[in-house]
Amino acid sequence: MKQAKNDNNSTYSKTHKKLIITEKPSVAQEFARILGVSGRNDGYIENSDYVITWCVGHLVEMVYPEVYDEKYKKWKLEDLPFLPKEYKYDVIPAVSKQYDVVHKMLHREDIDTVYWAGDAGKEGQTIEENIRMYGGVREGMKELRVWIDSQTEEEIKRGIREAKPMSDYANLGKSGIMRTIEDYAMGINFSRAMSVKYGNLLNDAAGTRSYTAIAVGRVMTCVLGMVVIRER
1 MKQAKNDNNS TYSKTHKKLI ITEKPSVAQE FARILGVSGR NDGYIENSDY VITWCVGHLV
61 EMVYPEVYDE KYKKWKLEDL PFLPKEYKYD VIPAVSKQYD VVHKMLHRED IDTVYWAGDA
121 GKEGQTIEEN IRMYGGVREG MKELRVWIDS QTEEEIKRGI REAKPMSDYA NLGKSGIMRT
181 IEDYAMGINF SRAMSVKYGN LLNDAAGTRS YTAIAVGRVM TCVLGMVVIR ER
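Quick note: the sequence shown uses the UniProt record's numbering, first residue 1, plus one each step.
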C-alpha cells in the first residue's frame, strides 16, 4: 500500500499540545470558539494548548483499476471481476492541500495527543481510519475518539473530557472499511459489466450518439428501483 511521506518537523518545541481533527471546517470553528482557540493559520487553528484542523469529508479514497494496471482503462468483460488482493488508496486530488495539513499535524513532535472528532457514526469513523491507514500517526502519540451527539458547548466539552481510546472503535472502523470495499467492488464491476453489455443498446434507445456509462451502486441502484416501481 502506498504510504504518504512522514513529515516530522523537529523545529517545534515539545510543549505537549492537543490536536483535534474534525470532519468539517464548520465543526472545527465551533471547537475553536468553545475552547478559546483563535490563532488562525492556513488549514488549522492554533494556540499554546490546542491545534485544531479538519477534513473536508473524505481526504483519502480507493484508487481506480487503471492505477493497478493501465489495461483496465479499457472496459472489457474478460477483465471482470476486478478484485485485487490488496486495495490501494491515495489522497483525493481536490483536497490534497488539506490532507497535507492534517498529515503534518499528525507527525508534529510537540503534539502528544490527537482527538479524532469526526461525525459520530460509521462514515465518520471510516474517514478517520483511512487517514490513519494511509499516512500513519507519529509513534508515541496518544489517540482518542470524541463521540458527540451535537455541537453545543456542553456536549463538545463532555466529548473531549470523556474521549475513549481510538482502539475502542476498531471494529466500527473495520466495518466501515469493509463497506467501502463492498461499494467499490460493486460499483466498479457491475458498472463496467452493464456498460459493456448494454451501453450501446441503451444509448441507441435514447437516441444519443455519445456513449454513456451505466452507473451501478449500492444506494443509487436501490433508489432508481424505487423510482421505477413508483412510476409503474
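Careful, some of the hints might be misleading.
The list that follows gives simulated cross-link-like pairs (lysine-lysine, DSSO-like), each with its CA atoms no further than 27 Å apart [as the list claims (entries may be wrong)]:
| hint | residue 1 | residue 2 |
| --- | --- | --- |
| 1 | Lys24 | Lys76 |
| 2 | Lys97 | Lys24 |
| 3 | Lys164 | Lys122 |
| 4 | Lys142 | Lys17 |
| 5 | Lys97 | Lys122 |
| 6 | Lys88 | Lys76 |
| 7 | Lys74 | Lys85 |
| 8 | Lys174 | Lys164 |
| 9 | Lys157 | Lys122 |
| 10 | Lys73 | Lys104 |
| 11 | Lys104 | Lys197 |
| 12 | Lys24 | Lys197 |
| 13 | Lys76 | Lys104 |
| 14 | Lys17 | Lys85 |
| 15 | Lys18 | Lys88 |
| 16 | Lys104 | Lys24 |
| 17 | Lys71 | Lys85 |
| 18 | Lys85 | Lys24 |
| 19 | Lys157 | Lys88 |
If you're looking for bench data, these hints aren't it; they were derived computationally from the structure.
Tested hints:
1. Note on Lys24 and Lys76: the hinted pairing is violated, with a Cα-Cα distance of about 39 Å set against a maximum of 27 Å.
2. Distance hint between Lys97 and Lys24 is fulfilled; the C-alpha atoms sit about 15 Å from each other, no more than 27 Å.
3. Distance hint between Lys164 and Lys122 is fulfilled; the C-alpha atoms sit about 16 Å from each other, no more than 27 Å.
4. Taking the CA atoms of Lys142 and Lys17, the gap is near 11 Å; set against the 27 Å cutoff, the hint holds.
5. Distance check on the hinted pair: Lys97 and Lys122 sit about 25 Å apart at the alpha-carbon level, within 27 Å; holds.
6. As the CA atoms of Lys88 and Lys76 are separated by approximately 21 Å, the hinted pair is consistent with the 27 Å bound.
7. Straight-line distance between C-alpha atoms of Lys74 and Lys85 comes to about 21 Å, which keeps the hinted pair within the 27 Å bound.
8. Among the hinted pairs, Lys174 with Lys164 is consistent with the structure: their alpha-carbon atoms are about 17 Å apart, no more than 27 Å.
9. The suggested pairing of Lys157 with Lys122 holds, with an alpha-carbon distance near 22 Å, which does not exceed 27 Å.
10. Between Lys73 and Lys104 the alpha-carbon distance is near 33 Å, which puts this suggested pair outside the 27 Å criterion.
11. With a C-alpha separation of about 46 Å, the suggested pairing of Lys104 with Lys197 is violated against the 27 Å cut-off.
12. With a C-alpha separation of about 40 Å, the suggested pair Lys24 and Lys197 falls outside the 27 Å cut-off, and the hint is violated.
13. A hinted pair counts as satisfied when its Cα atoms are at most 27 Å apart, and Lys76 with Lys104 does not qualify at roughly 41 Å.
14. A distance of roughly 39 Å separates the Cα atoms of Lys17 and Lys85; the hinted pair therefore is violated under the 27 Å criterion.
15. Pair hint Lys18 plus Lys88 does not hold up; C-alpha atoms about 31 Å apart against a cutoff of 27 Å.
16. At most 27 Å may separate the alpha-carbon atoms for a hinted pair to count; Lys104 and Lys24 meet this at roughly 18 Å.
17. Proposed proximity of Lys71 and Lys85 is supported: the alpha carbons are some 17 Å apart, at most 27 Å.
18. Using a Cα cut-off of 27 Å, the hinted pair Lys85 and Lys24 is violated, with the two alpha carbons roughly 33 Å apart.
19. Distance restraint check for Lys157 and Lys88: the Cα-Cα separation of roughly 37 Å exceeds the 27 Å cut-off, and the hinted pair is therefore not satisfied.
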